[in-house]
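Using the sequences and the hints, build the whole thing.
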Amino acid sequence: MSLIHKTAAELGRLIATGETSSVEVAQAHLDRIAAVEPKVHAFLHVDPDGVLAQARAVDERLAAGERLGPLAGVPIAHKDVFTTADMPTTAGSKILEGWRPPYDATVTQRLRAAGLVILGKTNLDEFAMGSSTENSAYGPTRNPWDLTRIPGGSSGGASASVAAYEAPLSTGTDTGGSIRQPAAVTGIVGMKPTYGGSSRYGLIAFASSLDTPGPFARNVLDAALLHEAFSGHDPMDSTSIDAPVPPVVEAARQASVDGLRIGVVKEFGGDGYQPGVLARFQEAVDLLESLGAKVVEVSCPSFTYALPAYYLIAPSECSSNLARFDAMRYGLRVGDDGTRSAEEVMALTRAAGFGPEVKRRIMLGTYALSSGYYDAYYGSAQKVRTLIARDFEAAFHQVDVLISPTTPTTAFPIGERADDPMAMYLADLCTIPSNLAGNAAISVPCGRADEDGLPVGLQIMAPVLGDDRCYRVGAAVEKAFEDRWGGPLLKEAPAL
Amino acid sequence: MSAITRDEVAHLARLSRLALADEELDHFAAQLDQIVGAVARVAEVASADIPPSSHALPLTNVFRPDEVRPSLTPQQALSGAPAVQDDRFRVPRILGEEA
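Chains as they are written, first to last, in numbering that gives the first Met the number 0: chain H, 0 to 495; chain X, 0 to 98.
It should be emphasised that the hints constitute simulated quantities derived from the structure, not laboratory data. Among the clues, some could well be false.
[What the hints assert, rightly or not] Now the in silico label distances, taken between C-beta atoms and shown as ranges: (1) X:Gly-79 <-> H:Ser-1: 37 to 43 Å; (2) H:Pro-246 <-> X:Thr-72: 57 to 63 Å; (3) X:Ala-82 <-> H:Glu-450: 51 to 57 Å; (4) X:Arg-5 <-> H:Pro-412: 44 to 50 Å; (5) X:Gln-33 <-> H:Met-0: 47 to 53 Å.
Note that the structure is a prediction, hence the values are computed from the model and not measured. Think of the CB as a built atom: it goes at the ideal place given N, C-alpha and C, for glycine as much as any other residue.
This is the structure:
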């Protein structure tokens, strides 16, 4: 088996034992990137010389006897919303084109400290706002399963890079589903940790009370290893949780649901769900029962209000966060000809530098926060947030984890929902509640829909700081399905 | 009746510091009207007795010791600036001609 098809855990082992080198592994992935990027467009920036220099440095550190952890020397694709001092950081926006941040995000620092080799920066919906990467100012990423379809979003470059074997691992951020939805529609694993479990320092802010960095991988154990590598308390992020990282790697190795109580969310199904998605989900439910779990139906009535609440809360926070793009201190400046005021330059720059979805959300948030509308919109949405947290709390008294389809449909064609915001927003229907309540949730592959042969994701939701349960159940499902399928789902994907 | 008019969108664009073209205003007015109409549903369940949540975690007043620590140099802080003068950000005029 070639190096690009190996798991991150295997690569780490082979590098540690000297059977291969980080340089050799990096070169194999750079070759793959060169071969498939014209089709996939997962990356916004790749600097092959810089990658090989990083890999050489890791090989030297290992040769000198430094202990770096299980992923030392393994390559990773990094979402272009984390700052990197040695690479441009754009957030998929023209307003930051060519920007070189003066510092590394905490997640970036921790990847480097663990000896991971950053292959490049991956494409995303502008400022992580979207479900398809079509909102990137630099063109869409394509789904490796079907190049006419979206790879999900906002972390669509991250999901596509891993599904296309350009990287064994990638980072993402999840504000309303931006890790789990792309993972589901590309047939890989994506995890949203508990809010505050991974640092937001140096993550370009979209909605600060929701944004959560998390891992992508082709299997559950690799995702857990990456989760462990970059998570944990960060004094630079005042909303970071000062508690140990849940035992995610141990849980991924445990891979058992025997005796667990699992709740099926009653509200997620029926109208608007693709039949093939529901059929695969039902198979997963049956599978979990056959593995010894006790499966019951659980009602979370407020979840049906999660989507409207999210599309008030996230735009409100975004309208405030994106005020920093003022054409004064960094990024684009347009129209500064000596005659215009700072305010005029600001308005011209923001009009030229932001794409339509970002403008929509900034104005929507400005509306929801404006005096006279605040109580009816933002205030009500915050109350719904309380109700959703209460529904989760009640549910987790009855069951250990909740499950649902990750997305209502498989990957849709590029262009289909591009100018229909409400249709696009539905992609995050099942993922949003966990962002509003801050709890952990993962998506793992659960087969392909009969109608279109495209991957379907199973979402597993666990309580706040119960991240290990996501990995435990996810790994059990993965093992049982792979026994049935004769290997990972991704091996059924067409060759690129 | 529409929830949000074209004039309101023009006002929002001004508040948001977005110099939008006329055709953009028309396009966004229709879309924002549809979105606002859909998200207004939150009011159905938001009764007076429910406390609002601004955040998922019950964190308040997270402090760090008030100690001098290394930070960016002026050169680093100015490295991405559109215009620089005398180690400072150079900005367009912020006061009116008459001021």
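**Consistency of beta-carbon spacing, Met-0 of chain H to Gln-33 of chain X, with hint 47 to 53 Å** = holds (50 Å)
**Request:** Mind checking the hinted window 44 to 50 Å against the Cβ distance between Arg-5 of chain X and Pro-412 of chain H?
**Result:** violated (31 Å)
**Asked** Does the Cβ pair Gly-79 of chain X, Ser-1 of chain H satisfy 37 to 43 Å?
**Response** holds (40 Å)
**Prompt:** Regarding Pro-246 of chain H and Thr-72 of chain X, is the given constraint of 57 to 63 Å on their beta-carbon distance met?
**Reply:** With a Cβ separation near 41 Å, Pro-246 of chain H and Thr-72 of chain X fall outside 57 to 63 Å, so the hint is violated.
**Message:** Taking the Cβ atom of Ala-82 of chain X and the Cβ atom of Glu-450 of chain H, is their distance within the range 51 to 57 Å?
**Reply:** holds (55 Å)
Hints 2, 4 from the earlier list are contradicted by this structure; the remaining hints agree with it.
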